[in-house]
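**Q** Oh and the sequence shown: position 32 is 32 in full-length UniProt numbering, straight run, nothing missing.
These are calculated hints, taken from the structure and not from any lab test.
Ideal Cβ positions, reconstructed from N, Cα and C, are used throughout, including at glycine.
Accuracy of the hints is not assured; some may be wrong.
[As the list claims (entries may be wrong)] Here are the simulated SDA-like cross-link-like pairs (lysine to any residue), alpha carbons at most 20 Å apart as the crow flies: (1) LYS37 / ASN26; (2) LYS17 / ALA60; (3) LYS17 / ASN33; (4) LYS17 / GLY81.
[As the list claims (entries may be wrong)] FRET-style restraints, in silico, Cβ to Cβ: (5) VAL9 / ASN75: 25 to 33 Å; (6) LYS37 / ASN15: 17 to 25 Å; (7) GLU48 / ASP80: 12 to 20 Å; (8) SER115 / PHE12: 14 to 22 Å; (9) ASN83 / GLY61: 32 to 40 Å; (10) SER113 / ASN15: 26 to 34 Å; (11) ASN83 / ARG35: 14 to 22 Å; (12) ASN22 / SER113: 26 to 34 Å.
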Amino acid sequence: QGFSCKFFVSFFLFNSKYHIVNQPLNWTEAQTNCRQKYTDLATIENSEEMDQLINTTLSAGSSNNFWIGLYNEINYRWSDGFNGSFTGNSYNDRQICMVPYWHSDHYHWSDSSCSSLFPFFLAKYVLNSV
1 QGFSCKFFVS FFLFNSKYHI VNQPLNWTEA QTNCRQKYTD LATIENSEEM
51 DQLINTTLSA GSSNNFWIGL YNEINYRWSD GFNGSFTGNS YNDRQICMVP
101 YWHSDHYHWS DSSCSSLFPF FLAKYVLNSV
């Protein structure tokens, strides 16, 4: 059985198209399926982008937990190789896969067990310039 994408909501932000996918997967499954069908799990380059992603997710009525492409082995890294320094507000430095979540009036990024199943994660298309 192949992976079937169930887009909860799609939106454009800057030069990229994001999809919130309604499929409970662990981080590795999410990354593998995202790479097979699209580009990779979402890379968040700055706080403005993070705010927009959180606001869009919340306004769509989705869960506030979703996988993104950030993981931590020795240092934080983005799964698509992006070499940026933005890693949000880390809350819990124990596991290696990152989950941004909304708490009261601000977001945190929390390390979570990579085997956890979250119903939403972000996939990213990079749009070609014309």
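**Q** All the hints need checking, so say for each whether the structure fits it.
**A** Checked hints:
no.: 1; hint: LYS37 / ASN26; verdict: holds (17 Å)
no.: 2; hint: LYS17 / ALA60; verdict: holds (16 Å)
no.: 3; hint: LYS17 / ASN33; verdict: holds (17 Å)
no.: 4; hint: LYS17 / GLY81; verdict: holds (18 Å)
no.: 5; hint: VAL9 / ASN75: 25 to 33 Å; verdict: holds (32 Å)
no.: 6; hint: LYS37 / ASN15: 17 to 25 Å; verdict: holds (20 Å)
no.: 7; hint: GLU48 / ASP80: 12 to 20 Å; verdict: holds (19 Å)
no.: 8; hint: SER115 / PHE12: 14 to 22 Å; verdict: violated (32 Å)
no.: 9; hint: ASN83 / GLY61: 32 to 40 Å; verdict: holds (34 Å)
no.: 10; hint: SER113 / ASN15: 26 to 34 Å; verdict: holds (33 Å)
no.: 11; hint: ASN83 / ARG35: 14 to 22 Å; verdict: holds (19 Å)
no.: 12; hint: ASN22 / SER113: 26 to 34 Å; verdict: violated (21 Å)
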